[in-house]
Amino acid sequence: MIINKNERKSIRSAFGKTLAELGRKNPNIVVLDADLSCSTQTQIFAKEFPDRFFNCGIAEQDMISTAAGLASAGKIPFAATFAMFATGRTYDQIRNSVCYPEFNVKIVGTHGGITVGEDGATHQALEDVSLMRSIPNMTVIVPSDCRECEQTIKFAAENYGPMYIRIPRTNVCDIFDENYEFDFCKANVLEEGSEVTVISNGETLAEVIEACENLKQKGYSIQIISLPVVKPLDVATIIESVKKTNFVITVENHSIIGGLGSAVCELLAEYYPVPVHRIGLNDTFGQSGRWDNLLDYYGLSAEKLEITIKKYIDKYRLIRN
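Going by my numbering, 142 is the number at position 144 of the sequence shown; the sequence numbering is gapless.
Any given hint might turn out to be false.
Derived DSS-like pairs (lysine-lysine); straight-line CA-CA distance at most 25 Å [claimed, not checked]:
| no. | residue 1 | residue 2 |
| --- | --- | --- |
| 1 | K3 | K15 |
| 2 | K214 | K302 |
| 3 | K73 | K15 |
| 4 | K229 | K214 |
| 5 | K242 | K184 |
| 6 | K3 | K23 |
| 7 | K7 | K152 |
| 8 | K184 | K45 |
| 9 | K313 | K214 |
| 10 | K184 | K216 |
| 11 | K152 | K216 |
These are calculated hints, taken from the structure and not from any lab test. Only a predicted model underlies this, so the values are computations on that prediction, with no experimental measurement involved.
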């Protein structure tokens, strides 16, 4: 599977346009933002439906509580802000005002991960997936390109329950073609292989695909799984793949503690124990810098991933032989 990383599109714009499209079809959809509508691109919805858009100001806790109130009245609220503020500042309100009563609130955290870039460590959410997946009744989804983001937002609007959807600041390349259909219950096997199962989502999926394509040309057999739904996990697809490879690598633009890698480890520890290597931020904060430089610095660029994945496969080739 080959992708063109030179052609990138705004996933935030895809999110904003999809909200507006849904707003035309469903008058119950309302949007809330925390004074960042230009950055989150909820401004697209705001311009078309000013009476259904609420700028709550720099008061994220109030935004979530207001969203819960709107949901209790039958509305379908989408509450958006930076992932750091959407989950960290508002944890109590999400837990007790949204998830405990199981209100139909959709929380969209933009600017997730180290690729927030120059804004630095205070704005780089590396714990948001961990926080959200630990709360009962919460669904967690991390789309990888614009098409998957669009379909994820539509799914959220059409299906009841609290959801957290995480998207990046950076523009992303296309991974899925026009035939792609988001399946909430099913992960996507993008490439068949026998030596290792590599699982990723979000921005790092494109980096994984490029790294594994280069390794494929060098004789390595790698199975790639796209796993946008971090909670609940597609248990069947993961275990089916792992029974073939007996070795897993997870890659995520997030701390390796509590995110995608932890979710996969928890699953396999209980149902099918095999070696797992987690690649992500290793119990550290981010720092200010260009997004692509930060990806490379923390080992998440295609070039660094190729080196790391090769090292792990070579190690296990020796053990198996």
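(request) Please write out, lowest number first, the hints stated earlier that are contradicted by the structure. (result) Violated: hints 4, 6, 8, 10 and 11.
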